[in-house]
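Participant: Generate the whole structure from the sequences, applying the supplied hints.
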Amino acid sequence: MLRSLLPALGATALAAPLALAQTGPLELLLQQQVHYWATVPSVVAPDFLEAADDFHVVGDVHRVRAFGSGCLPCAPGTFHAATLRLYAWTPQGPGALLREETFVDGDPDLVVLKGPTLIDMTLDPPFVSTDRAYLSVQVDVTGIWDWSISNFGQPNDNPFVVRHEPGGPWVPYQSSYTYDLDADLAFELYGLDDTPLQAGSDPCGDWDIVPQPAIQSGVMFTDVEGTGPDDVWAVGWRFEFDFPIVSETYVYAEHFDGTTWTVADLPHPEPYPGGGYSTLNAVAVVASDDVWAAGSARVVSPDGFVGSQILVLHFDGTSWEVVPAPQTSGGSGPHVNDIEVVAPDDIWFFGEWLGFQASALGEQRSLAMHWDGSDFTVVDTPFFDNKIGYGGGHSLIAASAIASDDIWAGGGAHDGDFTPYSYLAHWDGSTWEHVPGPTPGIDQQIYAVEAIASDDVWASGFYTEIQGLLAVRVPLFVHWDGSSWTQYASPGGGSTLVHRASGDLVSSSGTYGEQGVYRWDGSQWTQVMDFESTPNVQMRGLNEVGDCEMWGVGRMNGLSPGGMRAHLTPEPFLALALPRDPCSGTAPAQSLAISPAPQIGHPMSVRLDDPANQAGLMPGSLAVLAVSLQPAPGFPCGTLLPDFGPGSQSGEILIDSASTPILLGPAVWGGPGAPALIDVPIPMDAALLGAKLYSQGVFVDPSALDIVLAGGVDLSIGD
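According to mature numbering (1 follows the signal peptide of the UniProt record, and there is no 0), the residues represented by the sequence shown are -21 to -1, 1 to 698, in order.
If you're looking for bench data, these hints aren't it; they were derived computationally from the structure. By construction, the Cβ of each residue, glycine as well, lies at the ideal position given by its N, Cα and C atoms. Heads up, some of the hints might be wrong.
Below, a list of computed lysine to aspartate or glutamate pairs in the DMTMM-like style, where the Cα atoms sit at most 25 Å apart [claimed, not checked]: (1) K671 x D500; (2) K671 x E444; (3) K671 x E528; (4) K671 x D236; (5) K671 x D635; (6) K671 x D483; (7) K671 x D185; (8) K671 x D693; (9) K671 x D86; (10) K671 x D103; (11) K671 x D560; (12) K671 x D658.
Just the calculated beta-carbon pair ranges, DEER-fashion [what the hints assert, rightly or not]: (13) P590 x T81: 46 to 56 Å; (14) T239 x D354: 33 to 43 Å; (15) I445 x C562: 51 to 61 Å; (16) P662 x D435: 17 to 27 Å.
Facilitator: Written out as structure tokens, the structure reads:
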């Protein structure tokens, strides 16, 4: 009898620890990534056009994500609805209509990101795909919506086709250059049902803009970092206006003690006669009494040349001081963009450098400057382009270290220019090596790097694509798996990258793209904050200072009349244990109790009893707790099983048997009033916060080979 129940539950072997190994990304059935070179309309009005593309998938399709773009550079259109159609596959194109579903604005199975750049539809019930089929998404929007293109010149199976009237013939799409566009539409198909992430929600909590005091107008923040929630530094610069021009720019920093932001007293380098210009672009916090900040300052160099040189400041817990750094001769422009700490005596400063030789022309090199605890050393970086002007030379903008011999850095051309090539570099402990990534569009630049492991490295930035007569900056995300780079599409972000303690990645938009914060959950980038209530937000720096607590900094409202600080405050996770009874099956009354409600770092006690002995079990019977990540498909009801209730009545499985439940226990039931006790330790792991579990008790009488399903309890792990 027990053997017949276990397959019905789909359960694993009996186990004592609580494991959540089944929590993973959605099963990606098909991915056709965005190639931004061309687009194709698929709208109802003013001119009807429906675009369809084929796919080859065997399995249940639960979710469709269509990538596209709205009106540029004008304001995005107003979205009303999206119609998804699935057609039978024929060699000539879409055949008979298999399914049609319209998702109107506000539908809980629909997520639309502004533009719209992404239309995310969950199918209930799923579409059962047995081989090939065609898919179309047609949008009802006041404005414009175009499908993004994938696999240009090398489509999977057949290239996409269009029709210009309902029921009309399907034909190739002719581009503005009067040739048939040989490509796919950009979309993804998923095989596991999952509620779409709602735009504007971060599982860690809520983002808020922190007001900037009026006295601090003219501030531009560039970076932020801290040792914890009550020790955070934000750096940048401050303008002093002499209308209509800017007369002075000073280094600027603030410190947050957990309650209040306080302006720091910084040394301002001695300016050249008649003025000054100094900025901070990066901050790195080794400890509360060991903080570095760097950028540039306009000074008189030893050879008498007036121009910008590297500026490095250090905080010892009491005061800031200038740390002498290498300077160039006969020219200017070197500066620091980022700081990466491996150890207190192993710190790297990245940016731009000028290497002068006998000729008057300087080599516009990228800067990799190392601090060994006492001295700076400028280390050679990959160099192969010295063109003057647009796209010339090299610059490193961001870096991330795994170890002293495993560091990644990325950037673009000198003076903040984009490059027609990929400038990514790796340090192996002795040499910086160029490791180029994808080169979409006409040029690109890397703004952020996040190295998680040697085979798990992300870089982000932007690239330029031509859309009609416009040159548009598009978010660029690439991932290194230990041997090669892969490009991923995102509706926004690209200026920053942070790998959070919870395991996900977040990115923000700064100079280019849709403002807001974006999150990678293991399978997709989704906008989680748009800052629509605060216009002209540009987030230049982003960092996590505690579990699910982050600060973002930058500027807002045009020409930086005020610095911007955004705060992600962790949302408290409530520990819940909610009993759930069968709908039509039977179970022993008051049979399952769990206390206290599950919290990370605390044991949970499970009590299984049959106080009225409704099941007629013999004392000494065994009791187990079945735990699943999903409820039964008919939630809040379950699935009936004949003979698995008290007195051989029908029992009801309240958990999902297809998600391989885990059985905790067993424990001995001593008889009515002598419950079986199962202690479940819950690790102190922030990744468990908010996890939802569904549990049900099971009694087993070995003497009679009887099995009785008890009551259920729905759990939410809290802090």
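Participant: 51 to 61 Å was suggested as the range; check whether the CB atoms of I445 and C562 agree with it.
Facilitator: Check passed, 59 Å falls within 51 to 61 Å.
Participant: For K671 and D103, compute the direct alpha-carbon distance and say whether it is at most 25 Å.
Facilitator: Holds, at roughly 22 Å.
Participant: Below or equal to 25 Å on CA atoms is what counts here, so check K671 against D500.
Facilitator: It holds: about 17 Å lies between the C-alpha atoms, which stays within 25 Å.
Participant: For the pair we were handed, K671 and D86, check the Cα-Cα distance against 25 Å.
Facilitator: holds (24 Å)
Participant: Honestly, do P590 and T81 meet the 46 to 56 Å range at C-beta?
Facilitator: For P590 and T81 the Cβ distance comes to about 52 Å; the hint holds.
Participant: K671 and D635 were given as a pair; does the straight-line alpha-carbon distance stay at or below 25 Å?
Facilitator: The given pair, whose Cα atoms are some 13 Å apart, holds under the 25 Å limit.
Participant: Is it true that P662 and D435 lie within 17 to 27 Å of each other by Cβ?
Facilitator: holds (23 Å)
Participant: Going straight from one Cα to the other, do K671 and D236 come out at no more than 25 Å?
Facilitator: violated (34 Å)
Participant: Can the restraint linking K671 and D658 be considered satisfied, given a maximum Cα separation of 25 Å?
Facilitator: holds (18 Å)
Participant: Do the alpha carbons of K671 and D693 lie within 25 Å of each other, as the hint requires?
Facilitator: Measuring from Cα to Cα gives roughly 8 Å; hence the hint holds.
Participant: Taking 33 to 43 Å as the stated bounds, is the beta-carbon spacing between T239 and D354 within them?
Facilitator: Given range 33 to 43 Å: holds, Cβ gap about 37 Å.
Participant: Are the Cα positions of K671 and D483 separated by 25 Å at most?
Facilitator: holds (18 Å)
Violated hints for the displayed structure, listed by number in ascending order: 2, 4.
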